Amino acid sequence: MKSINRIMIWGVYLITATILAKTTSITAQVLQPLPPIMFSEMNGTMILDDGMELPIWGYGLMADGYITLPGPLLEYETGDNVNLVFSNPSPESHTIHLHGLDVNQANDGVPTTSFLVVTGQNGAYNFTASNPGTFLYHCHVTTTLHLTMGMYGMILVRHPDGTLFEGGPTYHSDAPLLFSDLEIATNLAPVQSYPFHDIRPDYFMVNGLSGSQLDSGPSILSCPFGSQLALRLGSMAYTRTRLIFPPSLNATCWMSDGRPVPTPFSADTLDIFPGERFTVLITPPSTSFDGTIEVQYWDMLNSQHVGSNFIRFRDASLATPPALTPPSIIISPNPAHNSITIPASIPWTVFDLSGRQLLSGHSSSIDISSLATGNYVLRTSGGSTPFVKY
Amino acid sequence: MKRPVFIKLTSIMVLAHCIACTTAIAQNTIWINTGEWMQSADTMPALRFNSTAVFDTVNTFFNAPENAGWELTVINTDSVAHNFTINTSQTFTENIPAGEEVTFEVPALLFGTYRYYSSDERGEVLGLSGLIKVGIDSDLQFHWNLADWMPSRMDSAQAGTPIDWDSGYIPKYFSINSHTYPNTANDPLGTVTMNLGDTCLISIVNGGFMEHVLHFHGFHVEILSATVQTSRVGWTKDTLPIHKGEGLTLLLVAAQAGVYPVHNHNLVAVTNAGFYPGGMLTMITVQP
Numbered sequence: 001m002k003s004i005n006r007i008m009i010w011g012v013y014l015i016t017a018t019i020l021a022k023t024t025s026i027t028a029q030v031l032q033p034l035p036p037i038m039f040s041e042m043n044g045t046m047i048l049d050d051g052m053e054l055p056i057w058g059y060g061l062m063a064d065g066y067i068t069l070p071g072p073l074l075e076y077e078t079g080d081n082v083n084l085v086f087s088n089p090s091p092e093s094h095t096i097h098l099h100g101l102d103v104n105q106a107n108d109g110v111p112t113t114s115f116l117v118v119t120g121q122n123g124a125y126n127f128t129a130s131n132p133g134t135f136l137y138h139c140h141v142t143t144t145l146h147l148t149m150g151m152y153g154m155i156l157v158r159h160p161d162g163t164l165f166e167g168g169p170t171y172h173s174d175a176p177l178l179f180s181d182l183e184i185a186t187n188l189a190p191v192q193s194y195p196f197h198d199i200r201p202d203y204f205m206v207n208g209l210s211g212s213q214l215d216s217g218p219s220i221l222s223c224p225f226g227s228q229l230a231l232r233l234g235s236m237a238y239t240r241t242r243l244i245f246p247p248s249l250n251a252t253c254w255m256s257d258g259r260p261v262p263t264p265f266s267a268d269t270l271d272i273f274p275g276e277r278f279t280v281l282i283t284p285p286s287t288s289f290d291g292t293i294e295v296q297y298w299d300m301l302n303s304q305h306v307g308s309n310f311i312r313f314r315d316a317s318l319a320t321p322p323a324l325t326p327p328s329i330i331i332s333p334n335p336a337h338n339s340i341t342i343p344a345s346i347p348w349t350v351f352d353l354s355g356r357q358l359l360s361g362h363s364s365s366i367d368i369s370s371l372a373t374g375n376y377v378l379r380t381s382g383g384s385t386p387f388v389k390y
Numbered sequence: 001m002k003r004p005v006f007i008k009l010t011s012i013m014v015l016a017h018c019i020a021c022t023t024a025i026a027q028n029t030i031w032i033n034t035g036e037w038m039q040s041a042d043t044m045p046a047l048r049f050n051s052t053a054v055f056d057t058v059n060t061f062f063n064a065p066e067n068a069g070w071e072l073t074v075i076n077t078d079s080v081a082h083n084f085t086i087n088t089s090q091t092f093t094e095n096i097p098a099g100e101e102v103t104f105e106v107p108a109l110l111f112g113t114y115r116y117y118s119s120d121e122r123g124e125v126l127g128l129s130g131l132i133k134v135g136i137d138s139d140l141q142f143h144w145n146l147a148d149w150m151p152s153r154m155d156s157a158q159a160g161t162p163i164d165w166d167s168g169y170i171p172k173y174f175s176i177n178s179h180t181y182p183n184t185a186n187d188p189l190g191t192v193t194m195n196l197g198d199t200c201l202i203s204i205v206n207g208g209f210m211e212h213v214l215h216f217h218g219f220h221v222e223i224l225s226a227t228v229q230t231s232r233v234g235w236t237k238d239t240l241p242i243h244k245g246e247g248l249t250l251l252l253v254a255a256q257a258g259v260y261p262v263h264n265h266n267l268v269a270v271t272n273a274g275f276y277p278g279g280m281l282t283m284i285t286v287q288p
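Line order of the protein sequences matches chains A and B.
In this text, residue positions in the first sequence follow the numbering used here: the first is 1, and each later residue adds one.
In this text, residue positions in the second sequence follow the numbering used here: the first is 1, and each later residue adds one.
Just so you know, these hints were derived from the structure itself, not from any lab.
Note that the structure is a prediction, hence the values are computed from the model and not measured.
Be careful, since some hints might not be right.
Once the Cα atoms are required to be at most 20 Å apart in a straight line, the calculated EDC-like pairs of lysine to aspartate or glutamate come out as [said to hold, decoys possible]:
#1 B:244 x A:352
#2 B:244 x B:166
#3 B:244 x A:271
#4 A:389 x A:352
#5 B:244 x B:120
#6 B:244 x B:105
Per the computed footprint, the stretches of chain A lying under chain B, defined by three or more beta-carbons under 8 Å from a beta-carbon of chain B, are [unchecked claim]:
#7 142-149
#8 256-268
#9 300-309
#10 337-344
For every residue, glycine included, the Cβ atom is placed at its ideal position computed from N, Cα and C.
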């Protein structure tokens, strides 16, 4: 069962294991790889296109130690039997609803019919990824509020032979695109967000990014001339999303809601309603192609165009190499007993492996004497770095 | 022994509701009645198409044969003229003057689910909107007549004062068969209850003023008919847009037991007067 998330987690634990192996005094400590664990928190921050910091609630991988909007992409292969472990250290109860996977009642993530994961508790969702395609996940507790705060993500189930589905077309690579929106005033003051029938989104996103944030680095889509890019499209918005493709891309819709459509169709303009998913194949018309796909957001109450984003798509020969992941910050010593040092005085936060925020500060010297022996994650703007307290 | 007993009870329940709420073609007469619709702290003026002269908050529905017209009499008890309208490839409209009854032939329709309504402003805002099931021959059939409600516009319509269509539309209630959750879960016309392995047909119309989108937990459904999204007939989906005025017919196979929500995924519409949960949310129950 392949999973980038799992690979990332294994990577973290291999680093930890390497560090531990060099320290003979603590080689007996925990070296067992943990299964991928999701967690939720309600103290996250996202940076808007204008630089504003906005509070978010959301999901993250416990191994990363921080939440994101949207939550991490979960990737499976058709037929995978999945055990998705979810830890909730946040102040309120949450769930994970596996949107479109047709899981049974016990794993449906609806508080009244399934189970709640209350503060400080863990839960596990067991299901089989029976069908390939694009799916979503989100919290189903006070859903109207928890979604606009950011508690959602995408699930991608790939068919193992490199086709979209059994008997379907082959393609070069996947581009997951999750469309969403939020009302800034709600995120700034969620406690005062009643009434929920009057949430009016005023910030519109693609994979949590907006405006100029989409015009650089990994947000630029690319594909070699002569091959096809699979756009995995899903909406967790309050608005209707309309994609407008340049006709020369030959955008063709092959799937919706995790099922093949009976007849693939040209999709130069494609509406995606909240909760819907589509898989669309596009191909650059030439080796010099460099264009944009417009994403419009339409208010569903009044059928008004309320926002747009633009996704850049280029032939692979022109594509800017994806931005390198910022190097994790160097912690020394590591493992450590009383304190650790980082190279600069920058904002940092220390999480445990349940995603619980334990320490925060700005100094280059960090006092960890209050921490219990174990594994932790230091998060800065440069990324997350695991360390060991002994 | 439980399964046969359940089937029998279900059959009796469906039959009872057909008698109580369906306007069978044999009856041929419906009334436009005036009354009130109460939700939370709001009491709103209401107009409904009913199968008797007594006001009922639920609009009646028709089970009509395929490819055959039928004669219908509409008695308008309101003080304002209304009409009986169906939008297909051609719009059919019959005017019903205030206080009068009019008999006419409803045109032949193809298999599917259609909205009938009164297209005048007062009629639409106050809720004159029902559905016609054409050629749907199933022992297990349910329907969802979707609507959205903005009390200030309803008050204007009732008072005969101009409705401010230019101001933003902010509906306060969202209903299925004139019920809002949790009352939707006790609606025998709309609450899907079936046995594992059963197949049912669900008819949906959007009688509201905005687009809606319904998400099924636990199941995908096949689209058997659509009056707007005709190219989607044959698709299998779990999340279905329903455009304004559109009718859909869905086929649901009860492939797993349990209790599963179906709800609007425009999440402002799963509220009552701003409180969650409410609105366009109902349940599918599949007995093992």
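Legend entry - Violated hints - listed by number, lowest first: Failing hints, ascending: 1, 6, 10.
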